[in-house]
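These protein sequence lines map, in sequence, to chains B and W. The opening position of the first sequence corresponds to residue 1 in the numbering used here, with each subsequent residue numbered one higher. The opening position of the second sequence corresponds to residue 1001 in the numbering used here, with each subsequent residue numbered one higher.
By construction, these hints were calculated from the structure, which means they are not laboratory data. Since this is a predicted model, take the numbers as computed values, not measurements. From the three backbone atoms N, C-alpha and C, an ideal C-beta is built for every residue, glycine too. Be careful, since some hints might not be right.
[To be verified] If you anchor each label on the Cβ, the simulated ranges turn out as follows: (1) W:1041 <-> B:251: 16 to 22 Å; (2) W:1264 <-> B:13: 36 to 42 Å; (3) B:165 <-> W:1242: 52 to 58 Å; (4) W:1137 <-> B:322: 25 to 31 Å.
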Amino acid sequence: MDASAVPKEKLLSLYRTMVTNRRFEETLSNLFFQGQIPGFVHVSIGEEAVPAGVCAVLTDKDYITTTHRGHGHVLAKGAQLKPMMAELLGKRTGYCKGKGGSMHIVSYSLGIFGANGIVGGGLPIATGAALASSLRGNDAVAVAFFGDGASNEGTFHESLNLASLWKLPVIYVCQNNGYGEFTATADSTSVKDIAVRAQGYDMPGVIVDGNDVLAVYEAAKTAVERAKRGQGPTLIEAKTYRWEGHVVGEQAFVPDYRPPEEIAAAKQRCPIQLFAKQLADTGFVEPAELERIAGEVERALEEAVAFAQASPFPEVESALEDVFANP
Amino acid sequence: MPEIGFVEAIRQALAEEMERDPTVFIMGEDVKVGAFAATRGLYEKFGAARVRNTPISEAGIAGAGVGAAMAGMRPVVEIEFASFFYCCFDQVCNQAGKLRYMSGGQARMPITFRCVYGAMGSAAAQHSEVVYPQFLSAPGLKIAIPSGAAEMKGLLKAAIRDDDPVLVFEHGRLGFTRGEVPAGDVIMPLGKGAVKRAGNDVTIIAVGAMVPKALAVAEELEKEGIGIAVWDPRTLVPLDEDGMLEVVANTGRVVIADEGHRRGGAAGDLAAIIIDQGFDYLNAPIKRVTALDVPIPFSPPLESYVLPDEEKLKAAVREIMA
Ligand SMILES: Cc1ncc(C[n+]2csc(CCOP(=O)(O)OP(=O)(O)O)c2C)c(N)n1
């Protein structure tokens, strides 16, 4: 897609989202190694074009579900840095009052129906959100972000069948980063392209370059329009690469399972740099504007970290709250 | 006796059983690399056919294990974290646990499931659960919960050789522990508990990772003159009821320590059995030290508030002595 076909404001906002995601997760890794982040942290550095491109066509009314590797999607859908960071540090001011942590960020008001600790757990939930939208006739679409690994779970297949059968306004975005934990996709998946599985459920299966944010944006836009016309779901497979390990700090306990040349080659196609170059080629986005955005992101992140660190831990008795609506 | 790590005990048990019996094979997500290192090196040793690295598809793997077991193999299926069992409940509970019975004793089901369970530090609710109580009320499944390296090796070997489905629950925190394990072919029979420590005042019945905590508490309270017996059931199904009642009879006071939730949990089940069959031995009401009945929270102070620990165990012992 040609960048000059997209409004400048949109372009800059795509850029901001990608830089925010990248810097957020780099900061997170550092905090993790300093022992400030409890639990497991899964980062998606190198995959920033997918959440940015897809969420750019969604509004607050739309829904997303995501995975254990969900920071990028949640931020792209509008999550604020402060409560996000506070949640990751287990603080009271976090999105989930410290109960969920990195793998379970939810923001109801932003239509974020959850990152998820269970592989494949989010797909039926997005399908159900789309069902609600079609029942209530309110025009909202739902997006399920998931990994290539999740496409081997039964929930993927059951969800696609239901959504196609009922023509639900849902978009399944498979972020194919080449690995599920420590196993290469080629060693776990019967098809080379996950998009072909769409055929079995009679919906479009689209492959996009997941490092090209405008390609992702365009595919998502087409899918959303189709969903809003009542024509049902789309499966988008965005091919990208996971620069870092499955979980931050894994080098301490798993042997290398990826060829270093493969990682190096992937870094040559950094989605942020690719986009910056596309923007420079338009002639109407100045490099200075990109630098300004990066600076703003940096300051916002510093504030978020400070906010999270200064926030109190929850009162321990709050562990007993929120189990039921009517205890 | 050589001292080995808990994880090494798993690896030894698997390797020895695979060497001994060509029908034993393992399968699961990332068993090739070994996500928790338990299966590390086995792929190189036994090859891809017997160390089957699978896609992420628990229902498929569990069910394939059931079919392979019925057809003459002895699969050992790894379900990474215990909470992922929820993705294959049907294959475990409706199929593995019932087929022998429903077929009038025809079906063979020599399958072993292994998983890591319990809270191991802010993994949050979907990775911290103690899932075995759910299987306690699903008939037809045996449940082993090793409390240290020796039990790990001995129970896993027994599970693999058993002709029934056995679920082996390995606490994540025990992964860091070491213990003395006799070399060679040690089998710890399913359905036989162990007195881990003798004492005349209170019995702590401790399950899995609560055993080392109970021993530490016993050690400490001895200085206050409280004699604590620690009993480890090792398997919840079958349960060594006689062994349990014997140790209870000797102390008359019982604290049950389990990391699972209180409602519908293992501790309640054991307490009910004691009340049914050993009420006359009791000098005081049975105390349960368990997790509180909420999903396990992420934030560290909340997590420790919800989980049973040595302090809570000590308080329960003091209370029952008062
Ligand atoms: C039901 C379930 N099975 C296994 C796991 C352990 N696990 C966590 S992430 C992961 C890999 C997921 O791969 P993929 O879906 O490709 O997403 P990616 O990590 O590549 O983003 C696995 C196996 C889990 N969390 N849930």
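Here is how each hint holds up against the structure:
The hinted range of 16 to 22 Å is satisfied by residue 1041 of chain W and residue 251 of chain B, whose Cβ atoms lie roughly 18 Å apart. The hint said 36 to 42 Å for the Cβ distance between residue 1264 of chain W and residue 13 of chain B, and at roughly 50 Å that hint is violated. In this structure, residue 165 of chain B and residue 1242 of chain W meet the distance hint of 52 to 58 Å, their C-beta atoms being roughly 56 Å apart. Roughly 27 Å separates the CB atoms of residue 1137 of chain W and residue 322 of chain B, a value that falls within the hinted 25 to 31 Å.
Violated hint: 2 only; the structure is consistent with all others.
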